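Asker: Chain by chain, the residues:
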Amino acid sequence: MEGKDNTNVDKNNKYDRQLRLWGDHGQAALEIARVCLINATATGTEILKNLILPGIGSFTVVDGHKVLGEDAGNNFFLTKDSIGKSRAKVATDLLAELNEDVNGDFLEEDAEKLLDSNPDFFSQFSIVVATNLCERAISKLSNHLWSKNVPLLVCRCYGFIGYMRLLIKEHTVVESHPDNTHEDLRLDRPFPALVQYCDSLHLETMNSKDHSHTPWLVILFKYLQEWKKQHNGEVPKDYKERNLLKEMLKKGMHRNEEGILENEENFEEAIRSINTALVPSKSSAFWIMARALKDFVENEGEGSLPVRGTIPDMTADSERYIQLQQVYRKKAGEDATKVSQRVQKLLQSIGKVGLISEHEIKTFCRNAAFVRVVRCRSLVEEYDSKSIKLQELIPHLDDEEQDDAVFYVLLRAVDRFYEEYNAYPGWYNDQVETDVSKLKACLTKLLQDWGLSLKIKDDYIHEICRSGAAELHTVSAFIGGVAAQEIIKVITRQFVPFNNTYIYNAMKQTSITLEL
Amino acid sequence: MEDDWSGRWNHVKKFLERSGPFAHPDFEPSPETLLFMRNVCKILVIGAGGLGCELLKDLALMGFRNLDVIDLDTIDLSNLNRQFLFRVKDIGRPKAEVAAEFINTRIPGCNVIPHYAKIQDYDESFYREFHIIVCGLDSIVARRWINGMLIGMLKYENEELDQSSVIPMVDGGTEGFKGNTRVILPGITACIECTLDLYPPQINFPLCTIAHTPRLPEHCIEFVRVLLWPKEKPFGDGVAIDGDDPHHLKWIFEKSNERANQYNITGVSYRLTQGVVKRIIPAVASTNAVIAAACATEVFKIATSCYLPLSNYMNFNDTEGIYTYAFEAEKKENCMACSSIPQTFAFSETDKLKDIIDYLIESPAYQMKSPGITTSVNGKNKTLYIQTVKSIEEKTRENLKKTLKELELVDGQELYVADPTTPNSLTFRLNLGSKME
Ligand SMILES: [Zn+2]
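These protein sequence lines are chains A and B, in that order. If you use full-length UniProt numbering, the first sequence corresponds to residues 1 to 516, in order. If you use full-length UniProt numbering, the second sequence corresponds to residues 1 to 437, in order.
Certain hints may be false.
As the list claims (entries may be wrong) - List time: in silico BS3-like cross-link candidates among lysine-lysine, alpha-carbon distance up to 30 Å: (1) A:K169 / B:K178; (2) A:K11 / B:K178; (3) B:K89 / A:K11; (4) B:K231 / A:K209; (5) A:K508 / B:K278.
Everything labelled a hint here was simulated from the structure, so no lab data went into it. These figures come from a predicted structure and were not determined experimentally.
Please model the complete structure; the sequences and the hints are all you need to start from.
Answerer: Here's what the structure looks like:
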């Protein structure tokens, strides 16, 4: 819609290409979000760039480092002139300049020290993103944020490997926007209004124009009734039976005087749709609605979810298509009203009347088949050798085709190396060889702690030492893109975030998600 | 180098001056590689939009210095949510020029040369200058054209491909949260035309639906755009729809609404109207960043041999979780662009010339836009139909209705087909007798 004032029109146009993905309500959520970045590394500034452009509310950079020559070499938001200055300040200035709608702020302070002196500083944000933080600091930070229910995304780029870990206790999604959905047509269990509407149309007495413009949904319904009559009320069960139903439909098509089939596209559509149309039907505000939904299914719904209320496009005349659409919409509205009544009762019983709007309930019902819950495991669970989900890792550790998970293990070994030597393996050119054996020792110890007796090929150790903790810009830019997208998912509560560890391998352009 | 500073290339050098177990078999660690990237290697970036802006930044920060960028577009407000080298003050200026200025200012020593032009404005001598070509395009036609150009530049000696004539092409594409990156070695690996069926043909609503049986809000908008606009001429005779003119859009929106109301159709909105009229593809910064980064990584691998390049296709989608899938797209044995197998047409004498034209447009294997056909009779060129030049179109239009027999086309006759999707015309051998499926 056209906005009421000038700034609004501008925003509609400026953000048009993304509003088509997450809508005005998704954008509104972004515009009040406050994002904190720890360390303005190349990865960190790329993440922020991809959040500032779509218009998050504000960002804050926490970084105690001064800009080094190599930082200005791989980071677009640091310059040659800024070498020696505060990395937090320079990055904030150059990032803020990307979008005047976004407020930028910085704190020139070491994140770990800040965490010790004022941990609640981090609790004020919608989400915190940490890059290049050592294991000890990440542990501390994640424990704190976990207890405060603030989502944390940990990112790291190490040579040609990218790593992300999402820490979020519980994340519920109503609008998951699935790519492929089965239609919700209820042909197997038609509701009364649908039966009534289809029964009001009579294929046998129609002229050929009406016959060829009857929506395929109605045709399939009628032939299905016929089929059920002949088969003890059962719908076609398998491929063979569905083919028999197709034959029945073909016989019902009109023929011209010479006996040749008329070109009836709606019948063709009905035949094509048989396989998919016969698939059997199946805070917090989210959980209250989920409870109401459950009660609905067990009572009025007679085992089914509320009708979604949409039908696909199909060859038909406008009138009957719209009538049929109305039948589904009306039923969806009625179902939503019943769910809503249950929601209101629940809200009354907990003294929270007005917490959930009718609009939210309608959206929830429309998405009932696709609502999602993401619960990440905590870092404490992952870092404890007794509770880490090794079964997620083990199958990949001797798989040469899909070996991305091996790099997770290597990065954990690198963290041990850092703890012991306060440097990264292969950081210095003259120590690459000696670091290989040191890293190997760290890896062996890690595997021992996990109680694993398997062997990881030396090639991986050499490769990690070769990369010497280099942060390559293109790997940072890749992680900068995916990380920003995951943050947008968390903020807008649309689409489904990954759970919980992501490894990107730029050598092969492959990736894997592990739930550790 | 005068512009360098201490530590500038520390990160990149670890991969250029050290070898590793997963390196390309031909890789030799050496400081020379960075010098090659800095002083010799020339890269062309096609498109300065969502992908192009990212590509220029990515390549420049990986150490490439000599970059050319070509784009015929100017900056629009709706670009600013992802094309991060542009600001409000730049609206209306050529994308290639603003992008080049920004990169050259921000990254010392970088030499981006802008070309505010169409790719079709340049010929082989221009494209031959580059070591690698990266595409960040939203147009399939342009992608197919440059693909055809690079294949046309291949040289063969005794049927052996001269490797030095191969210019690798790295291609990226995005739509919403989906994208892909591919590496094409023209003449060696699958080309754009080999995998044309990966690009679904554009969906057009049938005219009879739009005219008589609208059911969706889109049908109502298409009715106004296709049928009502030429009839009512709301802004004067001969004024075409300008999707960027709010008056035009407002008129289409209101008329679409009227039609929708007439049929009780709901859901016509201003945003939808704009989307249908301008055929808008949703776009977001994050997906462009991901795909451009993957492309730039591949350019780095090809230029330095530090790793084997992607072989040869990667699909990306982050709607649900983060999904990547790398696979090897296969060369099509009888590809119209990169194989030497002659293309054949099977038609019957009673088919009309229009049937051939329709086939070239509708067939998934060709998906042409406005094919023109010529042939040769007794050594003389004969134009059968050409759509792109108005005067010739008028002269040859009659031929469309004629049968192949009436046009005196014989079995085995060669037809030369020109189309905007390819820089070189294609030769088809006419096979009269049996009609193909
Ligand atoms: Zn090909």
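Asker: Work down the list of hints and note, for each, if the structure agrees.
Answerer: These are the hints, each one checked on the structure:
1. Among the hinted pairs, A:K169 with B:K178 is consistent with the structure: their alpha-carbon atoms are about 28 Å apart, no more than 30 Å.
2. Restraint check: the Cα-Cα separation between A:K11 and B:K178 comes to about 24 Å, which is no more than 30 Å; the hinted pair holds.
3. Proximity of B:K89 to A:K11 is assessed by CA-CA distance (about 16 Å); at most 30 Å being required, the pair is judged to hold.
4. Distance restraint check for B:K231 and A:K209: the Cα-Cα separation of roughly 28 Å lies within the 30 Å cut-off, and the hinted pair is therefore satisfied.
5. Restraint check for A:K508 and B:K278: the C-alpha separation of about 37 Å exceeds 30 Å, so the hint is violated.
In this structure, only the earlier hint numbered 5 is contradicted, and the remaining ones agree with it.
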